[in-house]
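Student: Chains as they are written, first to last, in the working numbering: chain H, 1 to 342; chain A, 1 to 376.
Check each hint, because a few of them may be wrong.
[To be verified] Computed far set for chain H versus chain A, every beta-carbon distance over 10 angstroms:
#, residue
1, R47
2, Q198
3, Y249
[To be verified] Some chain H residues judged to face chain A by a derived CB distance under 7 angstroms, without partners named:
#, residue
4, T58
5, H159
6, E160
7, L161
8, S189
9, S190
10, A197
11, E204
12, L206
13, L223
14, K225
15, S263
16, L267
Derived from the structure by calculation, the hints contain no laboratory data. Virtual Cβ for every residue (Gly too), placed ideally from N, Cα, C.
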Amino acid sequence: MTASVTQPAGETLLSARNLVQEFTARGRGGVKGGVVHAVSDVSFDIRTGETLGVVGETGSGKSTLARSVLQSPRPKSGEVHFQGTDLMRLKRGRLTEARRQLQMVFQDPFASLNPRWRVTEIVEEPLVGYRVPNRAGRVRELLDLVGLNPDTFGRRRPHELSGGQCQRVAIARAIALDPALIVCDEAVSSLDVLIQAQVLNLFERLRRDLGLSYLFISHDLALVKQVSDRVAVMHLGQLCEIGPAESLYRAPLHPYTVALLASIPQLDPGATRRPITIHGEPPSPISPPSGCRFRTRCPRAQERCASEAPVMAELAQGHSVACHFPEHAPVPAAAAGVRGQA
Amino acid sequence: MSVDEVTEPALTGHDGGVGSVPLLEVTDLRVRFSTRGRRVQAVNGLSYRLEAGRMLAIIGESGSGKSVSSRALMGLLPGTARISGSARFQGQELLGLSEREMRRHRGADIAMVFQDPSRSLNPTMRIGTQITEAVRAHAGLTRKAAYDRAVELLHLVRLPAAERRFHEYPHQLSGGMRQRVMIAIALAANPKLLIADEATTALDVTTQAQIMELLLELQQRLDTAIIMISHDLGLAASYAHDVIVMYAGRAVEYASAKRLFGHVRMPYTQALLGAIPRLDRPPHADLPVTPGQPPDLTDLPPGCPFAPRCFRAGQECREQEPPFTEHEAGHWWSCWHPCEDTVGAVQAVDTVEAGTGGRHRRTGVAPHGATEGPRA
């Protein structure tokens with residue numbers, strides 16, 4: 001697996017189809033207030049050795065999507081094919097066995113580690129759970145792998161570690177069982193930029209050395225571009241665009257992606273600021289707008305957007321968008337053979 | 001510790017001539033906390049000058065002293081803090097004021113917006129009541145006049161449906177709207193200086209852009225000076241006039257945003273710039289890494305605090321702290337071995353972005369010495 005390959009030729013490792021997750025929101029006095037449409041009909045694939053980035057605003061359903069993939073809690077409907085089996089159909093014991101290959105790293109490194117346990121105990125826990133022999137040696141190996149000296153850090157407890165070190169411990173725990181896929185939910189968002197760079201490089205090294213795949217969730221578009229082969233953009237529980245990172249950032253198709261990209265502050269003080277193309281905040285997921293859920297904030301919205309929900313359509317190779325009036329006509333690029341768009 | 005360092009007082013402002021009194025002049029500010037026998041040197045000799053109507057960004061990682069230094073100005077630090085130095089607001093010393101005297105300035109002259117709007121607002125009070133409270137605290141207005149002023153403020157911060165929102169509770173508002181309410185409260189008494197402490201950090205990028213545009217617009221309309229405290233260099237580059245980079249309680253680099261981002265001198269600033277994921281890099285490109293962690297503020301090493309992590313550090317860096325002085329016109333830094341301009345390399349980075357429509361980030365930043373460093 002070499003670096004900077006847009007689409008590694010791996011097999012499909014995980015394939016989610018029409019995932020739906022809804023929660024009942026309680027209104028005043030505990031009565032049923034409405035249904036939160038957290039994830040609505042989301043489909044995507046992750047190939048072996050590939051990183052799929054998921055970006056979106058707060059409340060767009062990124063984390064619910066990640067948890068739906070892991071079946072915790074189980075989605076309302078849909079299919080999650082992982083290494084050939086549909087996780088949705090697995091009973092508890094079989095699901096536990098399948099989850100060995102599916103691990104997760106969370107946002108808050110302090111909250112995701114037991115404050116009373118020592119580093120070695122934390123990293124050992126999954127090994128104990130799956131009855132792996134020779135645990136002590138494996139723990140040392142894992143700590144070495146994530147760049148923590150087992151002799152210095154092994155006996156420490158989380159409060160004796162910095163945020164970056166805690167996240168390394170969480171990563172060591174996640175890779176302890178040799179998983180095929182790691183779900184990173186805002187895994188570096190709480191770290192300072194220099195420490196964040198260290199941890200991002202660690203993720204990249206592990207991906208190359210261990211052949212890992214990632215489902216990498218973040219609100220930071222530049223960060224997602226840094227690690228992802230392909231990127232999915234989520235808005236209010238739906239995917240609005242998915243495609244190879246290079247072409248998605250070079251020629252975004254969905255107006256929402258365009259707006260997200262325009263919102264990133266630039267590092268060049270001389271550059272003129274791009275006008276903000278969307279205003280206001282996302283509508284409520286309890287009563288999403290009819291038709292396209294982005295239409296209320298969309299600068300390109302027309303009548304058709306209110307009456308008819310757009311469906312995902314592949315406009316360029318591997319680059320799909322759910323929009324009636326996509327932004328860019330796909331530009332012919334050398335890497336991807338692109339057909340013109342009407 | 002922190003004794004024999006050279007700190008120049010009074011930075012020269014950009015438009016303030018000799019003799020003119022700047023809006024805010026901070027000189028050799030030091031803050032020390034003593035808890036359970038441990039002495040934390042949170043701020044170690046910070047000096048800057050802010051003119052009216054300008055936006056100053058104070059950039060640094062967690063624990064660099066950026067928040068503590070601004071809270072010291074407002075008298076918001078706990079009693080365990082030992083503050084020394086000077087902070088003159090329109091010529092009047094702020095440090096050492098009694099609580100009663102401080103209250104005359106707080107809110108009226110200097111206002112603050114905090115990171116978490118949901119924790120800054122009272123959850124049991126309607127937002128209208130909270131704004132009117134702030135309005136009436138600073139001006140003896142009648143109920144009706146205060147109501148009018150509060151609604152006017154909500155319109156000023158562009159809160160949608162202001163009259164209706166006036167009667168709502170904070171939990172009925174989104175994060176971005178709450179932050180607008182916080183800004184409205186901060187502006188209640190027409191302060192001359194607004195301190196925004198990570199005011200957009202908890203918000204989405206789209207909302208962040210809207211709030212920053214709002215702050216910029218208010219600044220131009222009301223001629224308020226803004227101190228923007230942030231960890232985000234991109235935000236500073238996009239919106240601030242001047243930038244101070246802090247590390248371990250010290251200012252390590254200070255210049256106008258244009259100057260700073262075009263001519264980075266401090267290796268620490270360069271490391272920060274290099275570590276930011278950028279849209280113009282291909283996926284999976286390794287980020288230049290700065291080893292180690294920020295120093296323990298209870299036990300600062302002698303010399304430059306960044307030396308243990310710095311690829312340019314030499315022997316003198318570990319022994320003697322570099323003075324923070326104006327090495328080039330309007331550009332201050334604190335380093336024995338500053339980086340040079342590498343203009344030729346800037347264009348070289350700019351390869352990926354040959355794409356369509358000018359909506360992507362361009363590289364106008366000196367490339368990251370951290371990558372070249374160890375090999376040099």
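Student: Less than 7 angstroms between beta-carbons is the criterion; does L267 of chain H satisfy it with respect to chain A?
Tutor: 5 angstroms, holds
Student: Should the interface hint for E204 of chain H be scored as holding, given a Cβ-Cβ cut-off of 7 angstroms against chain A?
Tutor: OK, holds: E204 of chain H within 7 angstroms of chain A, min 6 angstroms.
Student: Per the CB criterion, is S263 of chain H less than 7 angstroms away from chain A?
Tutor: Since the shortest Cβ distance to chain A is 4 angstroms, the answer is holds.
Student: Is the interface hint satisfied for K225 of chain H? The criterion is a beta-carbon contact with chain A at less than 7 angstroms.
Tutor: 6 angstroms, holds
Student: Classify the hint on S190 of chain H as holds or violated, based on whether any CB of chain A lies nearer than 7 angstroms to its CB.
Tutor: Hint violated; S190 of chain H Cβ to chain A Cβ min 10 angstroms, cut 7 angstroms.
Student: At 10 angstroms, judged by beta carbons, does Q198 of chain H keep clear of chain A as stated?
Tutor: 6 angstroms, violated
Student: Per the CB criterion, is L206 of chain H less than 7 angstroms away from chain A?
Tutor: 12 angstroms, violated
Student: Would the hint on T58 of chain H be counted as holding, given a Cβ-Cβ threshold of 7 angstroms to chain A?
Tutor: Interface hint status for T58 of chain H: holds (5 angstroms vs cutoff 7 angstroms).
Student: Holds or violated: the hint that S189 of chain H contacts chain A, with Cβ atoms closer than 7 angstroms.
Tutor: 11 angstroms, violated
Student: Given H159 of chain H was flagged as interface, is its beta-carbon under 7 angstroms from a beta-carbon of chain A?
Tutor: 15 angstroms, violated
Student: Less than 7 angstroms between beta-carbons is the criterion; does L161 of chain H satisfy it with respect to chain A?
Tutor: Not OK, violated: L161 of chain H not within 7 angstroms of chain A, min 10 angstroms.
Student: Quick one: work out the minimum CB distance from Y249 of chain H to chain A and report holds if it exceeds 10 angstroms, violated otherwise.
Tutor: 6 angstroms, violated
This entry does not satisfy hints 2, 3, 5, 6, 7, 8, 9 and 12, going by the numbered hints stated previously.
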